[in-house]
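Participant: Here is what each chain is made of, one letter per residue.
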Amino acid sequence: MSQDLIIGIAGAGGDGVVSAGESLITAAALEGYHGIMTKSFGSQIRGGEASCRVRLATEPVFNPNGPLDVAVALNWEDFRRFGSELPVESATIVIYDSNTGVAPDKLPLDGVTPRVVFSVPITEMAQQHAGTEMAKNVVVIGLLAGWFGIGRESMPAGIRKKFAKKGAAVVEGNARAFQAGLDFAAAHPLSQEHQLAAPHTGRKAKLLTDGNDMCAAAAIFAGCTFFSGYPITPSTEIMQFLDREIWKYGGTVLQAEDEIAGIGAVVGASFAGKKALTATSGPGMSLKTEMLGLASIAELPLVCVNVQRGGPSTGMPTKAEQADLFQAAFSAHGDCLRPILAPMSVGDMFGAIVDAFNLAEEFQTPVIVLSDQEISQRKETVEPIDTSAFRLVERKRPTEGDLAQYARFKLTESGISPISHPGMIGGNYLASGIEHNELGRPTASGAMHARMNEKRFRKFNPLQNRRDLFLVEGDPDAPVGLVSWGSVAGVAREALRLARAEGLQVKLLVPKLLYPVAEPVYRDFFASVRCGLFIEQSYQGQLYRLVRMFVDLPALVEPFARSGSNPFQPVEVLERLRKLAPPLHGNGDRHPAEKVAD
Amino acid sequence: MSQDLIIGIAGAGGDGVVSAGESLITAAALEGYHGIMTKSFGSQIRGGEASCRVRLATEPVFNPNGPLDVAVALNWEDFRRFGSELPVESATIVIYDSNTGVAPDKLPLDGVTPRVVFSVPITEMAQQHAGTEMAKNVVVIGLLAGWFGIGRESMPAGIRKKFAKKGAAVVEGNARAFQAGLDFAAAHPLSQEHQLAAPHTGRKAKLLTDGNDMCAAAAIFAGCTFFSGYPITPSTEIMQFLDREIWKYGGTVLQAEDEIAGIGAVVGASFAGKKALTATSGPGMSLKTEMLGLASIAELPLVCVNVQRGGPSTGMPTKAEQADLFQAAFSAHGDCLRPILAPMSVGDMFGAIVDAFNLAEEFQTPVIVLSDQEISQRKETVEPIDTSAFRLVERKRPTEGDLAQYARFKLTESGISPISHPGMIGGNYLASGIEHNELGRPTASGAMHARMNEKRFRKFNPLQNRRDLFLVEGDPDAPVGLVSWGSVAGVAREALRLARAEGLQVKLLVPKLLYPVAEPVYRDFFASVRCGLFIEQSYQGQLYRLVRMFVDLPALVEPFARSGSNPFQPVEVLERLRKLAPPLHGNGDRHPAEKVAD
Amino acid sequence: MTALEPIAVDKPQAGNFKSDLKPIWCAGCGDYGVVTAITRALAAIGRPAHEIAFISGIGCSSRIPGYTTAYGFNTVHGRALPIAQGIKLANPELLVLVASGDGDGFSIGGGHVAHVIRRNIDLTYIVMDNQIYGLTKGQLSPTSQRGRKTATSNFGSLEEPVNPLLYVMGYGASFVAQGTPADMPGLARIIEEGIRFPGFAFINIQSPCVTYGEEDQQLKAQKVRMRSLESIGHDPADRAGATERAREYGTRLYTGILYRNPNPPRTYGQGVIERQQSLQKLAAPRHEILNRFLPGH
Amino acid sequence: MTALEPIAVDKPQAGNFKSDLKPIWCAGCGDYGVVTAITRALAAIGRPAHEIAFISGIGCSSRIPGYTTAYGFNTVHGRALPIAQGIKLANPELLVLVASGDGDGFSIGGGHVAHVIRRNIDLTYIVMDNQIYGLTKGQLSPTSQRGRKTATSNFGSLEEPVNPLLYVMGYGASFVAQGTPADMPGLARIIEEGIRFPGFAFINIQSPCVTYGEEDQQLKAQKVRMRSLESIGHDPADRAGATERAREYGTRLYTGILYRNPNPPRTYGQGVIERQQSLQKLAAPRHEILNRFLPGH
Ligand SMILES: Cc1ncc(C[n+]2csc(CCOP(=O)(O)OP(=O)(O)O)c2C)c(N)n1
Ligand SMILES: Cc1ncc(C[n+]2csc(CCOP(=O)(O)OP(=O)(O)O)c2C)c(N)n1
Ligand code: SF4
Ligand code: SF4
Ligand SMILES: [Mg+2]
Ligand SMILES: [Mg+2]
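Residue numbers (the numbering used here), protein chains in the order written: chain B, -2 to 595; chain Y, -2 to 595; chain C, 4 to 300; chain Z, 4 to 300.
Please keep in mind that the hints were generated in silico from the structure rather than gathered at the bench. Bear in mind that the values here come from a model prediction, so they are computed numbers and not experimental data. Misleading hints may appear alongside valid ones.
Calculated pairs, DSBU-like style, for lysine-lysine (alpha carbon to alpha carbon, straight line, at most 30 Å) [stated by the list, open to error]:
#	chain 1	residue 1	chain 2	residue 2
1	B	LYS576	Y	LYS452
2	Z	LYS284	Y	LYS36
3	Z	LYS284	B	LYS159
4	Z	LYS140	Z	LYS152
5	C	LYS140	C	LYS25
6	Y	LYS162	Y	LYS103
7	C	LYS25	Y	LYS452
8	C	LYS152	Z	LYS284
9	Y	LYS393	Y	LYS245
10	Z	LYS140	Y	LYS158
11	C	LYS284	Y	LYS162
12	C	LYS140	B	LYS162
13	B	LYS103	B	LYS159
14	Z	LYS25	Z	LYS140
15	Z	LYS14	Z	LYS140
16	Z	LYS152	Y	LYS162
17	Z	LYS25	Y	LYS36
18	C	LYS152	B	LYS36
19	B	LYS163	B	LYS103
20	B	LYS158	B	LYS103
21	B	LYS163	C	LYS223
22	Z	LYS21	Z	LYS140
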């Protein structure tokens, strides 16, 4: 039986391709499978071509990429438009609508001849059983349920729920269409090996959501009661979720007139004592630059999520890239530092957001969370999260003693000064973007400026040792080290798994805290390393460069970086690793990387 | 006789302290001396305390800092307000107004007892000879002319010119006040050794101006015909100069409603085919972020000057700092690169601006020029510049052949694609911030994105070898290397001079091209270096970190960096060098730096 | 001859101003009609495409320059006006069109409108007002009605909408009009008149979003609701009357020219040119510019 | 008790709201009078200083929060309004004042004004309008008159000035007033009324810049020119009349309340609170929020 199945479906805008994918992954999540689903559209606003990829597996999976095990084409023109996004190999099982008029041995796939091909009268079946072509996607999920064994039980209930509002006739029509799919599959059996095995982690249902919704939910959990932002792809769903929910928790969403006003309102809410969030993507981040600097010098907590898309400028709004790291670290003028966190999956987003609010409150600072288009919009199964394991941090308030002679920007040993807010008796102070003394009063003293700068950097020292914000996997003494972050880290994790399965001595570091660069963590990681790769979806290899600023890397560690919208495949990382890493039980005398480097 | 004289003058807002300093340096420039003058004010908008420092010398000088040779106090309260900005030592000659009532041996100077002190009835003399206290500053320049021999001839003419509009009585009164100063000095002679020797570079008059005016004049020379920006200290004088001048050259100044609109108009003017400039300081730079990214992807030339002041946020608007380098390099989202230049003096500003326009045009890119508050506002003598030695570059226009099948973003070998502009027949194209193909049409292709990114970086390769944009001084094989930039480079140059005078083996690299990091230049420079310093006026030592991203520095090279508004002194750099550098003729066996580092 | 340049003909036709780039708009989107009206107006004006610069921000509507053969610039969200002003001042010979959406023009870009109007820079500013954020898939727009439910106002908007017509009247605009692709000849005509007007011209177009828009904003409903200002006897020279009609934005759908200043005020560009001409003679040669820094100069 | 907190007294005096920070303003600057008027108004209102948040942008005028004992926030140039809105929505109990200059408020910050007004967030917005950029030493301001020569308009401004009063009327403001420190009791009174008004209140103050301002904008000249709206029989409930008076900005110097909506519309904050209350009962406990992601939930 199969342990891992990647299904790609493509069709025209109205074909319900994405909804079919969602039905599939929902059923899988209910049954305890692990899965990731991504979707992709043409450039039309609406009505262009649509596709989705659904990966389902019996064990956790970290990335949606790789060649298709199953390809479903509702029509060939649209399927082909997705090109390398839906790679068909000879091992791929191809299912397509017979009404395309294409012969099974004449598929329009350049240079590939799939071994198993099903021409299915999908449109015809939909018409016949549901009385409408609209049910094509239901036929497809029937076929997939039949052949691969996912959701045979749960799907009918799902169909019933989904179409309930449209009346009994529609429900029954769709139920028949689903059954027709099942029947067709039964009548044209596929060898048992393709059936998905039972999930290894048990039949218990998983959570299912995408990165943006997870981000918003995590913010509510963390105690956020204020959001202000401005719509921008691919981050808007965060605001949309919060607008549906946050009011229930006494919170507010303000759609601002632009991104400056959005983060401005968040700065204000934080000054007023509340946990506050804004979210945007690259162009919006560029506009928030000035306010980030203000929040740094006024030492006000806030969280700012950047769902990265292809850049520069408007760039590629619907494609993932990891090229906003430099900006996150360095956009504001003057010397200032703000922590940057990056989740590597939808599940990881929860912790990243909670950590972000905690760091913001603890260090009285803006914190940037770098998500990306893939994480934000892919649906992923997530193991249920024990929220009681998460501690929530609140900013340090002044004691009565502090208030007796309140100095908002007191030069304390930790660099953290107790912070009051309007409404607190005796806590009155002047906040400002102007350099100030301990009382908050404007100063033109170079000496005071130096002390305040020093304080504003020193307070972050504890972050050097936050090893909980790093994932280390693999052989601790491996001479080959991988570093990766964000959604691409999922590819690296799978590549690591493949490499270790081949007996290669490799390890992987995934920083969730990207900045400040926690030097001891990298030093320890690289202690055993002779060569390695930073795997990043940016032209410049931004994390590689950022780490170099602070850490002397082994000479043979180099970036494996490329522009966004060109996803990495685990196997290509594996190939690079094969060249770099000695086998686990090799003699290791002559290190292959030494050849690679010349 | 003296070769170098640093004079500090302080008084109340209305005392004309700055105007006295200006008279002095003007006279000196006329007579061929080298000089630098800085001014400083209290935090009041107007009417607070004022001071200036004037350094005059027979040889070129590169920085205005150092202890005073001569201190002039019109009143002691205001003088003391400037604290370490006007450091008095026992060797300082102190001149003050007798009407302060302070005894020459009871000067309110903490722990310092100057050996030569003149109590002069300055107010009285002004009243007596000019009939008004307003002439106090004229008495002061008379005194200084008398004692130190600067401008004895030229000053009277200057006074006449300056007061001409106010009528003969005022002119005569001031002339008498000046003469009274001269007479007082003659009656209370100072030993000849204090007289300034003749300038070594001859009596030929020097240019005299500040960095902002030089910037504006250079822009006009470079062919700039469009400026748009928004007022902000300390950059506003650039716009003010251009508003007085650029119209004469068929140009336009548009005071925009904010910094975004300012650079927006400049992007537009460039699209329309013109050379265009904007100028601002930190907070304004933060707002220009998004437009810089647009100009990068649309490949439009423009020059953006950032006159750096203390940050972050509003920070210290009237103080110099070098902490906007990270921002200049990395503020825009996505992968993009724009060259950054930094002049190290007022004189250097001319070339920096011409280079900036040339690079912008050649590489079709925004170029950032990092000036700082000190360069922008200090007056400096400049050796007359032979403008015919400067080549002006124009953007590469499409040939008729190109226009026959015009592809605005053609993937050429150099990465530079001929650029048309509205009005050019057959050059019509769509410019955009969206990723595009060679024709300029929007694309969602990852492959095209990768090729365009690669082109937009590759085109800058020639900058790796622009050695003309670097200054290297000192012993080519020295084991000790200094790196410095901007106004602080002047301190480093003087420190180098001092160190070499002591026989230390040291050299200095001053990059005027800060970014992209020209790796070969640094590699060559550091080839002989075992230890060294990056001297920078920023808390983080931003150039040090930036260079580390690309170049493996010798382990003992470290930042000597501190927050702005805490000027470096050549002697303190010298002190650090004494610890690092072996004497020129030492045996060099045990390198002292190896000790310093543990 | 480039791919985007029309074939040279004696008298330009609307088709000469349409590029061969395929719009990404949804079928039925009002913006198709707008591009048609613009190309018709341009044909009537008769300036060749290479003398036209067509600038936009970001949005469905802002895609429009690419569908014409003019020099186009699809800039960033909300900043079309500042960029267009730079273009016009740098080269006053050009015909400069600016396109925007209700969000692009009155939310993120709203701060620039007053300033271009009080400068009176000779641009034609066309806003495709669909009361929704189209490109980002249906969020609240500044012209959405109070109470409207959208993806970001799930419980109804709490804000009064912007009134584009009233705002620009208050800013002192000299040419203000409104049109809709539901009345194509009328729309082409007001665009043409806006371009011909010597100064800043503002044209609000009720261009429906078929995908996220409300029923009563669609072409069909508009056809029923719209009233031409001409038909109600409105005199475009009457500023007070125009302001009154402008107040009815959101309630009544007037089409035509709301206000056209009968004595068009001086444009900024005229001031610039006069200034340049009067100061020209004072110019030292560029290479002598540094002489001014000689002490005593 | 902090350095900035006034000594507790039974009935607060204006002095309780003045901090001991020494102003950096030039001697004679109009802003001295403004801070006095504000502290008097605050004394009349009687809320303790710690319940007041006083937000400003950047400029001479924006230094003002530091000279009071309220919680102050001297933010960045042009962004006082967005920040103040966040504060008020995050804690509706606070009394939120906002101060700005003509440049801060109508040039760089001009894009935010329409939006706070159409949201009707309950702030009191005080603009110290001196028709010049004071802090940066004398550049053209959006309210400077056409033709005015300044450091950045050496040959005279080519633009019509902004009309703050007319703009905010057009945006639908419910409380609009103008004052000057030349009439201190009047100024304190309109500030007090602005604070008491339940909704957004806009107060334009003709606060002269003695250093870079024009002669006819100084207090002395103002004393001669100013006319109280009351004295001319203007009814603050008359919106049309108010709009007419607003048009005379720059020509006549009216003081007093130009417009006060007799039926103050709902504020944004009221809408927020109602919404929160009505939805509250639907809230799952925070720690169960993830349950919604269980398939079939
Ligand atoms: C700085 C920035 N913020 C946000 C966006 C996302 N965005 C693109 S278009 C748009 C609004 C679209 O609405 P509108 O201007 O009304 O144009 P329409 O699509 O309705 O024609 C937004 C918010 C962006 N591209 N850049
Ligand atoms: C983003 C930004 N741009 C520009 C400045 C410089 N700046 C400070 S105050 C000011 C304008 C001052 O004029 P106004 O708002 O009228 O206040 P006033 O000083 O006259 O009271 C400017 C341009 C700044 N601090 N930040
Ligand atoms: S989303 Fe609306 S505005 Fe955008 S193309 Fe579709 S119909 Fe037009
Ligand atoms: S410059 Fe003008 S506004 Fe600023 S403090 Fe002085 S008088 Fe007041
Ligand atoms: Mg719209
Ligand atoms: Mg002002």
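Participant: Please list, smallest to largest, the hint numbers that this structure does not respect.
Facilitator: Numbers 2, 6, 13, 15, 19, 20, in rising order.
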